[in-house]
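Novice: Letter by letter, the chains look like this.
Number of protein chains: 2
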Amino acid sequence: MSTYKAPLSDIRFVLFDLLGAEQEYARLGHTDATRDVLDAVLDEAARFTETVLAPLNDVGDRIGCKFDQDTGAVTTPPGFKQAYAQFVEGGWTGLVSPLEFGGQGLPYSAGVPLKEMIDAANLAWGNFPLLSHGATDALLHHGEDWQREVFLKPLVDGRWTGTMCLTEPHCGTDLGLIKTKAVPNADGTYAISGTKIFITAGEHDMADNIIHLVLAKLPDAPAGSRGISLFIVPKHQVARDGTIGAANAVRCGSIEHKMGIHGSATCVMNFDGAQGYLIGQPNKGLMAMFTMMNTARLGVGVQGLGLSDRAWQNALRYSRERLQSRSLSGAKFPDKPADPIIVQPDVRRMLLTCKALVEGGRALSYFAGLQVDVSERAPTPEEREQADALVGFLTPIVKACLTEWGIECTYQALQCFGGHGYIAEHGMEQLARDARITTLYEGTTGIQALDLLGRKILQLQGAGLKTFLAMVTRFCDAESGNEAAAELIGPLREKVAQWQQLTLQVGQRAMANPEEVGAASYDYLMYSGYVALAYFWARSAAAAHASAYSDAFKQAKLETARFYFARILPRTLTHAAAIASDAGTLTRLDESAFDA
Amino acid sequence: MSTYKAPLSDIRFVLFDLLGAEQEYARLGHTDATRDVLDAVLDEAARFTETVLAPLNDVGDRIGCKFDQDTGAVTTPPGFKQAYAQFVEGGWTGLVSPLEFGGQGLPYSAGVPLKEMIDAANLAWGNFPLLSHGATDALLHHGEDWQREVFLKPLVDGRWTGTMCLTEPHCGTDLGLIKTKAVPNADGTYAISGTKIFITAGEHDMADNIIHLVLAKLPDAPAGSRGISLFIVPKHQVARDGTIGAANAVRCGSIEHKMGIHGSATCVMNFDGAQGYLIGQPNKGLMAMFTMMNTARLGVGVQGLGLSDRAWQNALRYSRERLQSRSLSGAKFPDKPADPIIVQPDVRRMLLTCKALVEGGRALSYFAGLQVDVSERAPTPEEREQADALVGFLTPIVKACLTEWGIECTYQALQCFGGHGYIAEHGMEQLARDARITTLYEGTTGIQALDLLGRKILQLQGAGLKTFLAMVTRFCDAESGNEAAAELIGPLREKVAQWQQLTLQVGQRAMANPEEVGAASYDYLMYSGYVALAYFWARSAAAAHASAYSDAFKQAKLETARFYFARILPRTLTHAAAIASDAGTLTRLDESAFDA
Numbered sequence: 001m002s003t004y005k006a007p008l009s010d011i012r013f014v015l016f017d018l019l020g021a022e023q024e025y026a027r028l029g030h031t032d033a034t035r036d037v038l039d040a041v042l043d044e045a046a047r048f049t050e051t052v053l054a055p056l057n058d059v060g061d062r063i064g065c066k067f068d069q070d071t072g073a074v075t076t077p078p079g080f081k082q083a084y085a086q087f088v089e090g091g092w093t094g095l096v097s098p099l100e101f102g103g104q105g106l107p108y109s110a111g112v113p114l115k116e117m118i119d120a121a122n123l124a125w126g127n128f129p130l131l132s133h134g135a136t137d138a139l140l141h142h143g144e145d146w147q148r149e150v151f152l153k154p155l156v157d158g159r160w161t162g163t164m165c166l167t168e169p170h171c172g173t174d175l176g177l178i179k180t181k182a183v184p185n186a187d188g189t190y191a192i193s194g195t196k197i198f199i200t201a202g203e204h205d206m207a208d209n210i211i212h213l214v215l216a217k218l219p220d221a222p223a224g225s226r227g228i229s230l231f232i233v234p235k236h237q238v239a240r241d242g243t244i245g246a247a248n249a250v251r252c253g254s255i256e257h258k259m260g261i262h263g264s265a266t267c268v269m270n271f272d273g274a275q276g277y278l279i280g281q282p283n284k285g286l287m288a289m290f291t292m293m294n295t296a297r298l299g300v301g302v303q304g305l306g307l308s309d310r311a312w313q314n315a316l317r318y319s320r321e322r323l324q325s326r327s328l329s330g331a332k333f334p335d336k337p338a339d340p341i342i343v344q345p346d347v348r349r350m351l352l353t354c355k356a357l358v359e360g361g362r363a364l365s366y367f368a369g370l371q372v373d374v375s376e377r378a379p380t381p382e383e384r385e386q387a388d389a390l391v392g393f394l395t396p397i398v399k400a401c402l403t404e405w406g407i408e409c410t411y412q413a414l415q416c417f418g419g420h421g422y423i424a425e426h427g428m429e430q431l432a433r434d435a436r437i438t439t440l441y442e443g444t445t446g447i448q449a450l451d452l453l454g455r456k457i458l459q460l461q462g463a464g465l466k467t468f469l470a471m472v473t474r475f476c477d478a479e480s481g482n483e484a485a486a487e488l489i490g491p492l493r494e495k496v497a498q499w500q501q502l503t504l505q506v507g508q509r510a511m512a513n514p515e516e517v518g519a520a521s522y523d524y525l526m527y528s529g530y531v532a533l534a535y536f537w538a539r540s541a542a543a544a545h546a547s548a549y550s551d552a553f554k555q556a557k558l559e560t561a562r563f564y565f566a567r568i569l570p571r572t573l574t575h576a577a578a579i580a581s582d583a584g585t586l587t588r589l590d591e592s593a594f595d596a
Numbered sequence: 001m002s003t004y005k006a007p008l009s010d011i012r013f014v015l016f017d018l019l020g021a022e023q024e025y026a027r028l029g030h031t032d033a034t035r036d037v038l039d040a041v042l043d044e045a046a047r048f049t050e051t052v053l054a055p056l057n058d059v060g061d062r063i064g065c066k067f068d069q070d071t072g073a074v075t076t077p078p079g080f081k082q083a084y085a086q087f088v089e090g091g092w093t094g095l096v097s098p099l100e101f102g103g104q105g106l107p108y109s110a111g112v113p114l115k116e117m118i119d120a121a122n123l124a125w126g127n128f129p130l131l132s133h134g135a136t137d138a139l140l141h142h143g144e145d146w147q148r149e150v151f152l153k154p155l156v157d158g159r160w161t162g163t164m165c166l167t168e169p170h171c172g173t174d175l176g177l178i179k180t181k182a183v184p185n186a187d188g189t190y191a192i193s194g195t196k197i198f199i200t201a202g203e204h205d206m207a208d209n210i211i212h213l214v215l216a217k218l219p220d221a222p223a224g225s226r227g228i229s230l231f232i233v234p235k236h237q238v239a240r241d242g243t244i245g246a247a248n249a250v251r252c253g254s255i256e257h258k259m260g261i262h263g264s265a266t267c268v269m270n271f272d273g274a275q276g277y278l279i280g281q282p283n284k285g286l287m288a289m290f291t292m293m294n295t296a297r298l299g300v301g302v303q304g305l306g307l308s309d310r311a312w313q314n315a316l317r318y319s320r321e322r323l324q325s326r327s328l329s330g331a332k333f334p335d336k337p338a339d340p341i342i343v344q345p346d347v348r349r350m351l352l353t354c355k356a357l358v359e360g361g362r363a364l365s366y367f368a369g370l371q372v373d374v375s376e377r378a379p380t381p382e383e384r385e386q387a388d389a390l391v392g393f394l395t396p397i398v399k400a401c402l403t404e405w406g407i408e409c410t411y412q413a414l415q416c417f418g419g420h421g422y423i424a425e426h427g428m429e430q431l432a433r434d435a436r437i438t439t440l441y442e443g444t445t446g447i448q449a450l451d452l453l454g455r456k457i458l459q460l461q462g463a464g465l466k467t468f469l470a471m472v473t474r475f476c477d478a479e480s481g482n483e484a485a486a487e488l489i490g491p492l493r494e495k496v497a498q499w500q501q502l503t504l505q506v507g508q509r510a511m512a513n514p515e516e517v518g519a520a521s522y523d524y525l526m527y528s529g530y531v532a533l534a535y536f537w538a539r540s541a542a543a544a545h546a547s548a549y550s551d552a553f554k555q556a557k558l559e560t561a562r563f564y565f566a567r568i569l570p571r572t573l574t575h576a577a578a579i580a581s582d583a584g585t586l587t588r589l590d591e592s593a594f595d596a
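Read top to bottom, the protein sequences are chains A and B.
Quick note: the first sequence, position 330, residue 330 per the UniProt record's numbering, numbers continuous.
Quick note: the second sequence, position 325, residue 325 per the UniProt record's numbering, numbers continuous.
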């Protein structure tokens with residue numbers, strides 16, 4: 001089995017030393033989010049995830065969720081339900097939800113480390129509370145008063161959980177194709193009928209009720225994505241006064257057999273005239289859904305981070321313990337039968353790759369989380385707007401890059417184990433299987449890439465990118481004399497210039513041929529992720545130098561930053577070359593000739 | 001379930017048009033290996049793998065091998081045993097084995113397409129006959145006459161199978177640490193005692209006997225890797241006259257629960273004074289073992305190729321069928337509710353990546369296979385020696401790169417399916433899980449990298465590399481006027497020059513600091529693989545142009561070559577940058593500071 005220890009030291013470094021969250025929260029009026037409170041939350045979150053969730057990760061994988069064909073019931077793996085009860089009991093479900101609905105009102109970004117720890121400890125389990133956040137956000141932003149009153153409180157306190165019912169068998173990415181119907185009833189409710197698939201936590205035994213947020217089409221809806229509405233469809237009917245009624249006409253038809261996250265119930269949900277309430281405006285469901293999806297996307301990015309961290313922790317431990325061969329420059333531990341494999345430069349390459357992507361990814365995702373808070377609370381509308389653009393710009397990067405890196409880190413960490421990594425008992429292969437979902441759900445990497453380049457850069461004139469690059473340039477100007485970061489500043493400036501240039505080039509080509517957007521999008525996305533991480537690594541080296549952390553910690557940050565610039569950042573060369581090549585290399589080959 | 005159709009058209013193109021195997025076999029005195037014979041073998045191999053093996057791939061994964069703790073017996077998945085009987089019946093086990101031992105005497109390289117088809121159809125099943133080849137090779141090259149007589153014939157005709165018993169719980173890569181003992185008996189046999197792990201096909205129900213080739217230490221053996229001997233240890237005792245005796249004191253203790261290849265029995269083998277025969281010289285077992293391992297390594301590379309091919313075939317089919325969204329430049333199929341996703345440039349990027357790596361990898365591995373034949377049969381010792389150096393140089397590249405690309409292709413192909421790729425019923429996730437073993441067994445990618453740079457390049461003065469680069473340069477000189485390849489020649493020449501320069505640089509740095517070898521080895525290996533593939537892609541474009549294949553085929557080769565040069569070959573930029581950075585970026589960080 002793999003083990004997990006919450007990386008509190010680095011979490012605190014990122015939150016407080018790198019991002020200055022304490023001062024920022026005070027500035028944003030989050031007066032309750034003091035350092036003392038946050039420290040206590042982090043300690044308690046570490047304790048809960050390490051001792052309650054992490055030990056259930058293995059059993060969740062081996063036993064998985066069970067489905068009863070006769071009743072449509074889903075039984076979660078042994079211990080999952082009890083762990084959820086403890087989670088609710090501890091008040092964790094409402095950590096960042098508004099006080100007025102029973103939450104604890106902490107900033108959004110204060111919840112990100114909790115999410116990282118949950119996902120590292122037990123990704124499959126984490127999917128049950130995760131989906132409630134999307135439902136909570138949709139209700140907060142688009143619900144009527146009575147809907148918020150009736151549905152939000154039990155979601156926030158965790159008695160109920162939520163789902164997002166989007167995908168249907170014939171449509172995932174292209175939601176304009178959905179067939180689920182919503183027919184108005186005389187009492188103002190709607191009768192929802194259709195089949196949704198891939199519904200995470202669609203049915204389970206942890207909560208008293210499950211609130212499905214369902215995309216469906218009204219009888220007179222326009223065709224395509226402009227004719228989609230969003231509905232609240234509870235598992236047990238709920239009246240406008242909050243009274244619980246009969247079982248609703250919604251039932252789990254089966255659960256999927258998946259590569260991983262066996263402890264997470266992925267359900268086919270059949271709606272057969274189920275009673276639902278419209279949320280938001282008719283035919284404006286996609287907009288409400290995007291509210292749910294943006295936070296879910298940041299959340300999935302953090303899943304990649306959590307899995308990467310757990311994988312690399314275990315690879316580091318194993319590389320220190322496993323004795324095999326000698327160092328290339330002579331025995332380092334002559335008293336042992338062989339040296340630990342961590343003396344091998346190639347093992348260090350894999351370990352440092354993980355360390356660089358994990359700690360850099362933590363800085364990037366926590367920063368994005370902090371911008372969510374700024375976008376909601378900054379004193380001026382200009383600052384809120386700018387932060388909002390930053391969040392929009394960073395969301396596809398965090399989602400796609402941290403999950404791609406999650407696949408890479410679980411790969412590299414498993415590889416450090418050699419053949420033992422392939423055996424179930426070490427737990428490394430589970431992490432790799434679990435990680436594989438993260439580049440698929442909530443929009444594949446390709447969809448994130450189109451969102452970044454097509455929408456956030458080209459359609460929105462790159463407001464987020466401009467803000468981001470201005471910040472990087474300010475950092476370069478300020479820190480060029482900093483002995484811990486100076487050597488990184490020059491290469492970082494070069495990348496900023498290249499990023500601007502590549503963006504301009506792609507923009508010009510896209511005006512002539514829209515296929516250029518799709519042809520460049522993936523490489524543009526990854527390029528962006530690697531340059532963003534270079535910035536956070538330079539900033540980390542500088543912040544560590546200025547911190548009260550140990551010399552070993554400072555050395556580790558500086559050397560990992562150097563490693564990143566020397567051996568990971570050059571991936572941008574490949575991506576830049578691909579961006580520079582035109583769409584023809586992808587579009588010229590006739591579809592029928594692929595297997596001529 | 002995923003499907004499989006043997007890519008006979010491209011297999012024939014590579015074998016006959018690209019490599020000119022027919023003429024080459026004639027020149028090497030393989031007079032039986034005519035085009036007619038080879039065509040019939042390919043057709044029959046396709047039929048067998050498509051109709052017998054491929055349908056068992058899913059059940060092999062779902063049911064797997066079963067172990068009986070009471071008897072130590074292993075039961076293979078339903079249908080596996082019958083398929084093996086058909087395989088034996090068809091004479092496939094001895095396809096490339098010498099006529100004098102009952103084989104069909106075809107060239108080694110004529111067996112590579114069969115191996116590709118087997119691995120694509122059913123990798124787990126393919127591991128049962130695979131290990132016999134290693135045993136066969138070891139016996140052929142190191143066995144005494146009576147050993148060849150008694151053991152080789154039943155291995156060649158498939159009544160018996162073989163294993164390689166190397167790894168022990170505490171040692172895999174570092175075989176100098178093994179503890180298994182061989183004590184001489186009065187009758188000239190040895191009593192073998194010890195525990196071996198990760199023994200593929202160590203126990204099963206397919207064959208009458210299992211011949212274990214076991215590394216063990218004689219009582220007076222020198223310490224470390226110079227004191228290892230190789231022994232023949234049959235499951236049922238075999239006398240020198242071939243008489244079958246009692247059950248030997250070797251027993252399967254358990255089978256591993258693995259991420260994939262569930263149909264392949266990975267056994268813990270306990271030897272408890274089992275009767276064994278020494279093969280080869282005392283204390284020279286590692287040399288004999290390398291004989292087994294080199295062909296096994298080429299074989300594992302081909303496993304990566306087979307899995308990649310199956311994955312990409314299915315991704316192509318799905319991308320043509322799945323209707324979702326519209327082309328970025330307007331509806332391509334306005335009569336359908338949406339366009340097939342293959343119109344999306346980013347989907348094409350994934351498909352073309354697979355196509356380029358699969359077809360390029362096929363050319364590379366078949367070429368390496370042909371060099372095995374040249375090394376054995378060429379008319380002059382100089383040519384045999386040169387081919388032998390080429391095989392040694394190409395083996396780690398084929399093994400490591402084709403398996404790394406196997407992981408990439410199964411990743412990309414699964415990604416084309418979106419969320420559906422994560423669901424067991426489509427079979428894509430099985431391919432990804434099965435592929436994950438290939439970069440681990442028979443030496444991890446890191447070990448292949450050290451073999452390439454440390455041994456084949458630096459210790460052996462790069463004889464194989466020089467021969468290879470001379471061949472590439474001859475090709476560039478000859479084809480610079482070829483309209484189908486001319487545009488690729490310039491970039492290829494640049495890479496040849498860069499490869500030479502990087503090799504020189506690393507060699508110089510390694511003389512000053514041996515850690516530089518380990519620090520550069522992985523990136524040097526991947527760099528080599530990408531440049532080698534560029535050569536085979538340029539050669540493929542030229543060979544297709546000169547062939548009698550359809551215009552669509554020629555276009556596909558040329559456009560895929562262009563894609564490769566524009567979007568995959570630039571990965572060499574990243575690897576070259578990493579090679580250029582010194583070992584310090586990996587070695588400076590103190591071991592204890594990784595998690596400071």
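Source of the hints: derived by calculation from the structure; they are not laboratory data.
Any given hint might turn out to be false.
One copy or any two copies: either way a pair holds, since identical chains are not told apart in the list.
[What the hints assert, rightly or not] Capping the alpha-carbon separation at 35 Å, the derived lysine-lysine pairs in DSBU-like fashion look like this:
(1) K332 with K284
(2) K336 with K66
(3) K179 with K332
(4) K336 with K81
(5) K81 with K66
(6) K153 with K554
(7) K336 with K466
(8) K332 with K81
(9) K181 with K284
(10) K336 with K284
(11) K66 with K554
(12) K466 with K81
(13) K179 with K336
Novice: Evaluate each hint against the coordinates.
Specialist: Against the structure, the hints:
1. Taking CA atoms no more than 35 Å apart as the test, K332 paired with K284 passes between copies only; the shortest distance there is 28 Å, against 66 Å inside one copy.
2. Taking identical chains as interchangeable, the C-alpha atoms of K336 and K66 are never at most 35 Å apart, the minima being 48 Å within one chain and 38 Å between chains.
3. In this assembly of identical chains, K179 and K332 lie within 35 Å of each other by CA distance solely across copies; the values are 23 Å between and 66 Å within a copy.
4. Taking the shortest alpha-carbon separations for K336 and K81, neither the intra-copy value of 46 Å nor the inter-copy value of 45 Å comes in at or below 35 Å.
5. Taking CA atoms no more than 35 Å apart as the test, K81 paired with K66 passes in both settings, with 13 Å inside one copy and 32 Å between copies.
6. Taking the shortest alpha-carbon separations for K153 and K554, neither the intra-copy value of 45 Å nor the inter-copy value of 65 Å comes in at or below 35 Å.
7. In the homo-oligomer, the alpha carbons of K336 and K466 never lie at most 35 Å apart, since the shortest distance is 55 Å inside one protomer and 40 Å across protomers.
8. Neither within a single protomer nor between protomers do K332 and K81 lie at most 35 Å apart by alpha-carbon distance, with minima of 49 Å and 49 Å respectively.
9. Taking the closest pair of Cα atoms, K181 and K284 come within 35 Å of each other only inside a single copy of the chain (15 Å); across copies the shortest separation is 75 Å, beyond that limit.
10. Only between protomers do K336 and K284 lie at most 35 Å apart by alpha-carbon distance; the minimum there is 25 Å, versus 68 Å within a single protomer.
11. In this homomeric assembly, K66 and K554 never come within 35 Å of each other (Cα to Cα): the closest approach is 48 Å inside a single copy and 52 Å across copies.
12. In this assembly of identical chains, K466 and K81 lie within 35 Å of each other by CA distance neither inside one copy nor across copies; the values are 46 Å within and 64 Å between.
13. In this assembly of identical chains, K179 and K336 lie within 35 Å of each other by CA distance solely across copies; the values are 16 Å between and 66 Å within a copy.
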